[in-house]
Amino acid sequence: MASSTTLSSCSEIPMDKETREEIVASDKKRKSSGEKLFITDDEEASSSHSQILNSPTGKKSSPMREDSVPEEDRGGDTSDGSALSCVKKCDDEEKVTEEDERLNLELTRAFDDISVATTGSEEDKLWNGNNISNLEKSENDDVLHRTMENVLGSGGSLNTSMISEEEGLDGGINAIWKGQKRHVFILSESGKPIFSRHGNEEKLVTLFGVMQALVSFVQDSGDSIRSIRMGGTIVVFFLKAPLILVCVSNLGESVAQIQTQLMYVYNQIVSVLTLKQLLQIFEKRRNYDLRRLLSGSERLLYNLCNLVESDPSFILGAVRCLPLATSVRDTISTTISQTLSKLKQDVVFAILLANNQLVSLVRMKKCFMHPMDLHIIINFIDASESFKTAEIWSPLCLPRFDATGFVHAHVSYLSDECQACLVLLTVNRDSFHALSEAKHRIVERLKRHNCLEAIIASMNNNWPTMSFVNVPEVRHFLYKNRSIAQFMAPALEAPYINGSSSLPDLNSTTGNENSFQNLSISSISSSSTCAGGTGAPHYLPPDLSEELQRLYSKYYRIHSRLHDRSRPVSLIYWVDDTENWLGWLTSTFELYVTFEPLVKKSAAINAINKLRKWVKKEEDRIFIMNSPTF
Amino acid sequence: MANRAAPGSATNQQQQQQQPAATRSNNGAPQNKVCQFKLVLLGESAVGKSSLVLRFVKGQFHEYQESTIGAAFLTQTVMLDDITVKFEIWDTAGQERYHSLAPMYYRGAQAAIVVYDITNQETFARAKTWVKELQRQASPNIVIALAGNKSDLAAKRMVDHDEAYAYADENGLLFMETSAKTAMNVTDIFLAIAKKLPKGEQTSAQGTAQGRRITDADQAPRSTPNCCK
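These protein sequence lines are chains S and R, in that order. Under the UniProt record's numbering, think of the first position of the first sequence as 1, with each following residue one higher. Under the UniProt record's numbering, think of the first position of the second sequence as 1, with each following residue one higher.
If you're looking for bench data, these hints aren't it; they were derived computationally from the structure. Incorrect hints may have been included.
[As the list claims (entries may be wrong)] Which residues of chain R face chain S? A partial, calculated answer using Cβ under 10 Å:
1) Val57
2) Ile69
3) Ala72
Glycine included, each C-beta is placed from N, C-alpha and C at the ideal position.
For reference, chain R alone in the conformation it holds in the complex (with noise of 0.2 Å):
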């Protein structure tokens, strides 16, 4: 379990007022260090997914979520230390009949959260080929955070903890139990992520070399679309 209370954590109110600051500082005179990631969440149906963007972003939980649609892009920026961080997410839909479409997602994200739900054996083996397909097909720099959601169901429990810890630690993940429900780990995972990815000279020079971003179609000037001043 990660520490909760990550250095630089900042709750959700704090981090909406900071996104439009952070934002100038890309045009005007840079205040600190901003990085914009681009993160997809993969996963069976009905595992939590975009209750998770949903209680990261807007610090939300419908016990009825609807089920996603296509993909849906939110963005949430966090501090870490004196790094601005900005997430670019990608939630979406774990039907079958989107699968084909997923490439389109993960294709140049620089991190990813398969999410299972604990309270079911399958949605576990989905996840194990959501990282398989990640390993073989995504970029190779990838982040993947392995997720076991609706931890707030523990009676329910049907994966075992230390099995997929182990899991995890053999394929190099992060791991971490959460729920969108209580909350809890739903930030930190987010932040272990940002963590863990290079920030620097090193990303800007892994984000160009894949030249895979799609924002480099675009043609409008876009303020620096990896990182870092």
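Same shape as in the complex, but just chain S (with noise of 0.2 Å):
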């Protein structure tokens, strides 16, 4: 399995030796008090990384799935996968103040430091028109090297459209394919296409042969390829047996967060057949045509591509919450819990989702939801449409929770005028009318306390925006709680939404509204836009502004910075044409700022320090501070 030696940073070299942000602060915390201190906050959480792999019938993991948590991961991982599980707050508010302080003489010791500030064009050049193919692990080797520029034609002129001529995609398709600025392909180990994110994999067949090729042929000298980069566009390979998934992206993420990417697309894989099964097909038939089995659940894969793409929840590792009042949250928790915990029905988990946000989440004691399950899960909700019609009841496999067998889903939204989607988890499988009952009673319950109400309420209001926030320096940002694997964003305003569009991430409570109305109007309607599309909506890719995608990649590549595990970085202050932009990493929190690009430094400083104290008032809001078992 290559995924442990997957993320040396060979192909960051070229973006390493420039200097193209102000780098401050090499930081001697992270390494020493670093990921692990913090929870240990509370006893369970602290040694929760190995419960969270505990099935709820107490089995040992096995070591298969800490394999599969890539390196760089792993160090935030036993933070990260502490995620939903009770996490006390820190109540000694003179260590708060103190830690503050801290904080407070660092950034602006760091600061200080700066003395130059490149401009954003130039930046922009050293970063990306590198224009040396670099092929990792077998730089020499021509002719693997001419072989991909022939396949991804990205060399330009180099490029004799191997596909286009041999393959018969038409002309206008193959403009298109090339066109993408990502793909993201999973074959077998014997080369057989299981998925492509663009275009039919069948007619790709040869690309999927070159791919196979590229592998063996490395695998051959005793090593494994992870990524080719050439010009702007890198191609990175996951070899997770008895699957080879491939991303080829012109996006600027890193080669980490490419291989994160690709992990969540191998996990949901997992979560429709579970890790057993895979195995033992490919045991029995190593040339197995996986399609077969995959069928039917095809838009999963298409949608977590999307999501991917468009959602910075997966990059950071955690999720989203759906601002609540407290006292609101921990009505509908306890009614849920509650509930559920009379029925006897093993229920391991309870979550309620709104807008991809997570509202509440109940667990059974000692079972831990880790942040990618979690994500499996809104992807599963978020790819299916038709669970508004009915209730659903599903085998589904948690690959971080039990990856050798499923749990039992039932899935159900609230009501019509409250599109929150409840999923039960439970090792039964014969507990269908008990939980469907369950989840009538529970709905009757938040009722009679209105929380339906402000679960709508919140759904629409798109809170909080930056003029809520109130720190004018401040374009956007995002927080993530490295503790509760949670993050918040504001609400995304000018310039990064245009004013039509609807999108699939973050305050997209339009959108979906608009799109469930689609769906329920006249069949007349909805039967002529699909008839005339080129199929499903999952198919498309994400509409996201080009100053949103400009912003997501600016903070992925902060975020690839900062977690750099060679060059360890705390704190990046990056001045540019448009914004300017901190990435700042401590033991508790990441924070990623864009700032209006006059601001001077005294006023980020300031900036920043606004933000942090609003973020610390309105935590019982925009975060879900505890989570409550059955």
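Two independent chains are provided; combine them into the complex using the hints.
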């Protein structure tokens, strides 16, 4: 398995050589006190990494799953893994202020060190414009190099467009296909195509063959291929027997980030089949066509590829919560846990989601939800418009919870008015009717306590806007609370959002509602839109505005730099033509801030302090600080 | 073909209004007979099981209907003379990997609709194996209906109507060609099943004799699992 060796930063070399941002403060604290200390707040949470992987029956996890964590993530994993388990709030006020002061001091000192600010255009040139194709692990191999250039066409004039000529993709599709910013391919170790994000995998069979050849060629020399960089395009391989996942991206993510994304895709397949079944099938028949078993769940893969592209929560490894007053959230959680604990139906998790944001999570004692599993569930709901019309009872494997078996999911929306989705996960396959009744009781009680209205209001009002946060220097930010693996972002505003576009991920209330209404209006109109189109709506790439794409790309770069283990950095300040940027990583939080372009250092420091105070003040509303148990 | 203007057939809106009334009559003074039946839809993937159910329950049709994951549970109530028939419908996923779960859904079911696509001969063959499996493993008194769906695509027909009719006749199945798109025969096939299902003492005896209804496992007091007051 290649995963443990995958993340050395060869491909980052050209990037690292250049000083294209002001990198400040080599962080001593991160290494010593680092990620692990924080969660000692709670015994259970700190040891949760191992517990997370335990099945409800207490079975120890297989080492397999441990391996599936990319190395880079592993450091943070202990804290991230504690995820949605109980983390007691730090009540000791003094400690908090002390910590605050220390952070302030650190920030100010770091800012004082900044002396040069390069312009954005230059930076970008240095960052992107490296024209030397850099084939990792086998740099000298001209044959491979040329093949890849042929296949990917990124070499511009070198492109002999092998696919269009030999595979009979017609010119139109080919042009569109080549124009895609990101491709994801899945194939079996023997080279059988399983999935292609764009285009028909059947017609790309030669391309899959080349990928398989590349992998086995490098494998022959006892090594494993990780990535190929060609200009602005990077090809990342994620080898996870019995599958090979490949991503070709122009979006500027790092190898590590893309591998994390591919891991989500791999987890999605495991979630449909279980790891056990996946391994067994290929053990029996090496050239099995996995599409047969995945048929019907393709939309989960397409949707996941979209989400991963358009929602920062995947790269951050954190979930977003629906902002709610603590009292309302507590009422919801208590109602769910009380109703279900009476049932004795072995419910492991109860999750309430709205707009892909977490409203409440109740769990069985000693069972923990890993953020990666939660993302799989979020994708499961997000990909399935049809869940709104019925109650669903489906087996589902949560790869980080127990990759060997299924849990059974009861999925239902609270009501036609309140489009929040309740997911009840149990190990008991005969619980449907009990859970169905429990759900109705939960809805009745929530209605009585006016919780549905509160959820609807929060879903519709796009809170908080930047004007509400009231830090005028700041245009946008992401704040991740590392100990609970949750993050928050303000509502998107101009220039990052088009007036008309409905975003699939963040602040998408209006978009979601519209699509729901479209669904429920007469069949004539829905059939005409669908029949005219290329098929499923999920097949279309996410509709991000260019500005938003740029915003996220920048965040991803800062994230990648902050998490570069070979050159640890805790603070990045970056001056650009259009915005100033800041990335700050501490043991307790990650902060990514977009400033107005003309902001001064002192103003930036003040702004960050105000921002942090605001987050502290609203913490109870924007995060779920504790998750009750059954 | 069944009589389309079946007596007692109600429009969707009427049915939905009647539903709460029927439920209430379970607890309060019964106004008319209420029978509750478990019905399961089986068949190859993409033959239109979900579309049939969606048409029957919500009166809707989507040209692009997502493939079902696991199984979907819906209820719909129809009036049959003075009897209220409540269907608990399990719409199952047709994919191969869900096959092993099918018994969970047809176990204890009083009715099944096996669906095939008239434009695809293979789906008809698959329907036959479903019928065999039901006859072998489901409740002995299960009412099975065979639905040749997508009858609006008659131009692309690959399964002969008479052939399917003869097969259904041989095996004692109800048979109709349906179209979820045009709504042809959709409510009718459910009504035909409702008519054929035994109502009255016989049904409840049958239900308890099997003792396998999932509702039995539910400790919460549940009003009349099977029927009839």
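Checked hints:
A cut of 10 Å between beta carbons decides the hint on Val57/R: the least distance to chain S is about 8 Å, and the hint holds. For Ile69/R, the interface hint holds, since its Cβ comes within 10 Å of a Cβ in chain S; the closest pair sits about 5 Å apart. Given the 10 Å rule on beta carbons, the hint for Ala72/R holds: about 4 Å separates it from the nearest Cβ of chain S.
In this structure, every one of the numbered hints holds.
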